Amino acid sequence: MTDIVAIIVSGLVYGSIYGLVAIGMTLIYGTLRILDMSQGSMVVIGGYVGWWALTENGFNPIVALVLAFAAAFVVGTGSELISVQPLLKRRHEVDFEMVTFITTFAVGIMITNISLQHFGPEQRDVPSIIGGNLEIYHGVSITYHEIAMAVTSVILMAALGLFLARTRWGFAIRAVAQDLTAARSLGVPVNRLYPMTMGLASALAGVGGVFLGALYFASPTAGDLPLLQALIVVVLGGLGSLTGTLYAAYLVGLMQAFCEVKIGTTWTLPILYTAILIILIIRPYGLKGSPTEARL
Amino acid sequence: VTGALGQLTIGRWMAIIIACALAAVFPLVYTDPYYMTIIVTAEVILILNISWNFVLGMAGVWNFGQLAIYALGAYGAGWLMLHETWIPTMVAIALGGVFAAVISVLLAFPTLRLFGIYTSLLTFSFAQVVQYVALNNPKNLTGGSYGFPTVPGVFSTASQESYLRAYYWLFAVVIVVACFFVAWLQQSHLGIALRSVRDAPGYTAARGVNPRSVRVVAFGLSGFLAGVAGGFYLAFEQSFTTSQMGLTPMSIYVTMLVIGGLGTVFGPLIGTAIVTVIQTILIDYPGWQLTILGATLLVIVIFVPGGIVGLISRINSRLTSWVAEGNRQSG
Numbered sequence: 040m041t042d043i044v045a046i047i048v049s050g051l052v053y054g055s056i057y058g059l060v061a062i063g064m065t066l067i068y069g070t071l072r073i074l075d076m077s078q079g080s081m082v083v084i085g086g087y088v089g090w091w092a093l094t095e096n097g098f099n100p101i102v103a104l105v106l107a108f109a110a111a112f113v114v115g116t117g118s119e120l121i122s123v124q125p126l127l128k129r130r131h132e133v134d135f136e137m138v139t140f141i142t143t144f145a146v147g148i149m150i151t152n153i154s155l156q157h158f159g160p161e162q163r164d165v166p167s168i169i170g171g172n173l174e175i176y177h178g179v180s181i182t183y184h185e186i187a188m189a190v191t192s193v194i195l196m197a198a199l200g201l202f203l204a205r206t207r208w209g210f211a212i213r214a215v216a217q218d219l220t221a222a223r224s225l226g227v228p229v230n231r232l233y234p235m236t237m238g239l240a241s242a243l244a245g246v247g248g249v250f251l252g253a254l255y256f257a258s259p260t261a262g263d264l265p266l267l268q269a270l271i272v273v274v275l276g277g278l279g280s281l282t283g284t285l286y287a288a289y290l291v292g293l294m295q296a297f298c299e300v301k302i303g304t305t306w307t308l309p310i311l312y313t314a315i316l317i318i319l320i321i322r323p324y325g326l327k328g329s330p331t332e333a334r335l
Numbered sequence: 027v028t029g030a031l032g033q034l035t036i037g038r039w040m041a042i043i044i045a046c047a048l049a050a051v052f053p054l055v056y057t058d059p060y061y062m063t064i065i066v067t068a069e070v071i072l073i074l075n076i077s078w079n080f081v082l083g084m085a086g087v088w089n090f091g092q093l094a095i096y097a098l099g100a101y102g103a104g105w106l107m108l109h110e111t112w113i114p115t116m117v118a119i120a121l122g123g124v125f126a127a128v129i130s131v132l133l134a135f136p137t138l139r140l141f142g143i144y145t146s147l148l149t150f151s152f153a154q155v156v157q158y159v160a161l162n163n164p165k166n167l168t169g170g171s172y173g174f175p176t177v178p179g180v181f182s183t184a185s186q187e188s189y190l191r192a193y194y195w196l197f198a199v200v201i202v203v204a205c206f207f208v209a210w211l212q213q214s215h216l217g218i219a220l221r222s223v224r225d226a227p228g229y230t231a232a233r234g235v236n237p238r239s240v241r242v243v244a245f246g247l248s249g250f251l252a253g254v255a256g257g258f259y260l261a262f263e264q265s266f267t268t269s270q271m272g273l274t275p276m277s278i279y280v281t282m283l284v285i286g287g288l289g290t291v292f293g294p295l296i297g298t299a300i301v302t303v304i305q306t307i308l309i310d311y312p313g314w315q316l317t318i319l320g321a322t323l324l325v326i327v328i329f330v331p332g333g334i335v336g337l338i339s340r341i342n343s344r345l346t347s348w349v350a351e352g353n354r355q356s357g
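Chains A and B, in that order, are what the protein sequence lines are.
Residue numbering for the first sequence follows this note's numbering, beginning at 40 and increasing consecutively.
Residue numbering for the second sequence follows this note's numbering, beginning at 27 and increasing consecutively.
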C-alpha cells in the first residue's frame, strides 16, 4: 500500500512537469509542423534564470518564475526568427519537418554551448520554491516544492487551454493549425504568429526549468534529459494532440515512478523507450494521434 | 551509366588517382603523431559517415540510430577479440559488422512502418536504449562508462609511427573501396530504386518495386559498414566508451553530413574534413567549438541546401552553361 501511494504521488508530480515541458512541443508541432529540438535548452535557460534570481539575488520565487517565463519567451522567439522564419518562404521546396528538426537542433546546440562557455560546466544550486515537506501516508512524503511544481504546471496548462479556446490569438493559432493558407487569406498574421507560438511554448519549458533546477541542478546539459522525456511523451501521445500529450505525460510519470520504486532508477529510461518502441509499432501515430493534418 | 560513376571522364579519373596517390604517400612525408592521430580518427568517423549518408541521404530514411549500430559493431568485434582470441582481429571486426548489419535489419522493420518525423524519433529512441543499456554494463559486456576493456587491435606490436601509418593506410583503403561501392550502387538497380522510393514512393510501388525490401537491404549494407567502423574505432583507440554514441558526437556527425551534402558520394568526405579542421583549430575552446558548429549547421541548412557538394555542382553547371553561351555567341 505504501508503495502504491508513493508511486501514485510521485507519478503525478513527474507527470505534471513532463506535461509542462512536452505541451510546448505539442503546441509547436500541432500548429507549425515543427518538432522543436531547442526546447531542452529552454529548460537550461529557466534553470539559470532561477539560479540567478533566487540564489544570487534572493528574489521572490514568483518573480523568478515570471522572469524565467519572460527570458525563455524572448529566447524562443529569437530561436524561431533564426531557425524557422528564413525557411517559411521555401516550406514547399524542402522537407520542412526534417529541415526545421535540424535547424532547431542546431539552435539547441548553440544555446547549450554558449551557456557552457558563459557559466562553465559546474552545476549551480537552485533553491526550492517553497521549503518543507508534507507527510501524506505512512512514510510517504512530498515536498511543498513538488506540490508547487505540480500545481503550477496544471494551472499553466489550463491557462494555455483557455488561451487557445477563448482568445483572439488562440483562435489564430488554431486556425493556422487547421489550414495555413486559409488562415493567411483571412488575415491571420502568420509571420507574427509563428514566433509568438514558439516563444509561448519555450516560456512554458522555461518555467519548468526553474522547478527542475531545484530538483536537479542548473547546468549546460540540464536540458538533455527533459528533452528526451518530452520526446517520449509527445510521441506516446501522438504528435500535435494536446489531450494525448496530457494523458501520455501522466502515463509516463506513473511508469517512471513505478520503475523507480519497483525496479531501480538505472532501468527507467530503457524501459520507457522500449514501451515507446512497442507502442509505435502497434500504433504508428501514438495514442491519440491520427495521420490527418490539424489536431489541436 | 548515370550517377557519379557515369560522370567520370578521363580527366576526373586522373584527378581521383592522383588524389589517392597523394593520400597514400602523405604519412611517409608527414609524421607528427598528434595530428596523425586526429587524421586517423577522422578516417574512422568518415567510414561511419559514409554508411550513415547511405541510409540518411540516399535512401532518405531519417535514421538517427546509426551511432547505436556503430557501437554494437564495436562491442561485437570487441567481445570476439577478448573472448575468442583464436579469431584473427580483422575477421572479428568483419563479424562485428555482420552483427551490426543484423541488428540494423531488425531495426529497419519497425522503423519502415513509420513516416517522416516518427522515423527519426523511433530510431533515436533505439539509440538511447542501446546507450543506456551499454552504460549499465549488463554482465560486464560493455565496460559501462569506463569504456570497453583494452583490446590488442591489429598492429599493437608496431612502433607508434608505423602504428599510425598502418591504420592510416588500412582505413584509407576501406574509404576508397566504400566510396566506389557507393558510387557504383548509386547507378545500380538498387540505388535507382532507393532514390525513386525516396522521391516518389507511391509511383515506385505502383511500378512494382517493393519500397520496404529495398530499404531493408539499404539498412543492412549501411549497418555492416557502420559496424565495421565501430570495430575499427575499437581496434585503433583500443577502447570504446558510451560517450561515443552520445548526443554530442551525433550532432557533430550530422553537421558533417549536412555541410558536405546529404546523399552525395563526396559529401561525407568534404564535410568530415571541414568539421575536423574546425574542431582541431578550436580544440582549446570546447564551448566555442560546438557553438560555431551549430551556427555553421544552421547557415548551411538555411542558405546552402545541398551542402558544399551541391554548391559546387551548381556553380559548375552555371559555369558550363555560361561557357556554352559564350561559345554559341562567338561561333
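No lab work stands behind these hints, which were simulated from the structure alone.
None of the values given here were measured: they were computed from a predicted structure.
Note that beta-carbon positions come from the ideal geometry of N, C-alpha and C, so glycine has one too.
Don't take each hint at face value.
[Stated by the list, open to error] From chain A, some residues computed to sit far from chain B (all C-beta separations above 10 Å): (1) L51; (2) L126; (3) V138; (4) I181; (5) I194; (6) R223; (7) L254; (8) Y289; (9) P309.
[Said to hold, decoys possible] Where chain B lies over chain A, by a calculated footprint (3+ residues, C-beta under 8 Å): (10) 149-156; (11) 264-271.
[Claimed, not checked] Short, incomplete list of chain A residues facing chain B, as computed with Cβ under 8 Å: (12) A45; (13) V105; (14) S122; (15) E136; (16) M137; (17) T142; (18) V146; (19) V193; (20) A197; (21) V274; (22) T305; (23) T313; (24) I315; (25) L319.
Checked hints:
1. Consistency note on L51 (chain A): stated as away from chain B, and its beta-carbon is indeed over 10 Å from all of that chain's, at 24 Å minimum.
2. The non-interface label for L126 (chain A) is inconsistent with chain B: the shortest C-beta to C-beta separation is roughly 6 Å, within 10 Å.
3. Remark: the non-interface label on V138 (chain A) conflicts with the geometry, its nearest Cβ contact in chain B lying 6 Å away (cut-off 10 Å).
4. The beta carbon of I181 (chain A) is kept farther than 10 Å from every beta carbon of chain B, the shortest such distance being approximately 27 Å.
5. With a minimum CB-CB distance of about 29 Å to chain B, I194 (chain A) clears the 10 Å threshold, and the non-interface call stands.
6. For R223 (chain A), the requirement that its beta carbon stay farther than 10 Å from each beta carbon of chain B is met, with the minimum near 22 Å.
7. Once the 10 Å rule is applied to beta carbons, L254 (chain A) is consistent with being away from chain B; the minimum gap is 20 Å.
8. With a cut of 10 Å on Cβ distances, Y289 (chain A) stays outside the contact zone with chain B, its closest approach being about 20 Å.
9. Against chain B, the non-interface label of P309 (chain A) is violated: not every CB pair exceeds 10 Å, the least being about 5 Å.
10. Counting residues of the segment 149-156 of chain A whose CB lies closer than 8 Å to any CB of chain B gives 6, so the stated coverage by that chain holds, three being the minimum.
11. A count of 3 residues in the segment 264-271 of chain A with a Cβ less than 8 Å from any Cβ of chain B is obtained; the coverage claim is therefore met, three being the minimum.
12. With a cut of 8 Å, the hint placing A45 (chain A) at the interface with chain B is violated, because the nearest CB-to-CB distance is about 23 Å.
13. Hint on V105 (chain A) is violated. Least Cβ distance to chain B is approximately 28 Å, over the 8 Å limit.
14. A cut of 8 Å between beta carbons decides the hint on S122 (chain A): the least distance to chain B is about 6 Å, and the hint holds.
15. At a threshold of 8 Å, the smallest CB-CB gap from E136 (chain A) to chain B is about 5 Å, leaving the interface hint in force.
16. Hint status for M137 (chain A) relative to chain B: holds, with the closest Cβ pair at about 6 Å, below 8 Å.
17. Evaluation of the T142 (chain A) hint against chain B yields a held restraint, the C-beta minimum of about 5 Å falling below 8 Å.
18. The beta carbon of V146 (chain A) comes within 7 Å of a beta carbon in chain B, closer than 8 Å, and the hint placing it at the interface holds.
19. Restraint check, V193 (chain A) versus chain B: the minimum CB separation of about 26 Å is more than 8 Å; hint violated.
20. Using the Cβ-Cβ criterion of 8 Å, the hint placing A197 (chain A) at the interface with chain B is not satisfied: the shortest such distance is roughly 27 Å.
21. Using the Cβ-Cβ criterion of 8 Å, the hint placing V274 (chain A) at the interface with chain B is satisfied: the shortest such distance is roughly 5 Å.
22. About 5 Å separates the beta-carbon of T305 (chain A) from the nearest beta-carbon of chain B, less than 8 Å, and the hint is met.
23. Contact between T313 (chain A) and chain B, as hinted, is supported at the beta carbon level, the nearest pair being about 6 Å apart and thus within 8 Å.
24. The interface hint given for I315 (chain A) is met, as the beta carbon of that residue sits about 5 Å from the closest beta carbon of chain B, less than 8 Å.
25. Nearest Cβ of chain B to the Cβ of L319 (chain A): about 5 Å, under the 8 Å cut. The hint holds.
Going down the numbered hints, you'll see the structure goes against 2, 3, 9, 12, 13, 19 and 20, while the others check out.
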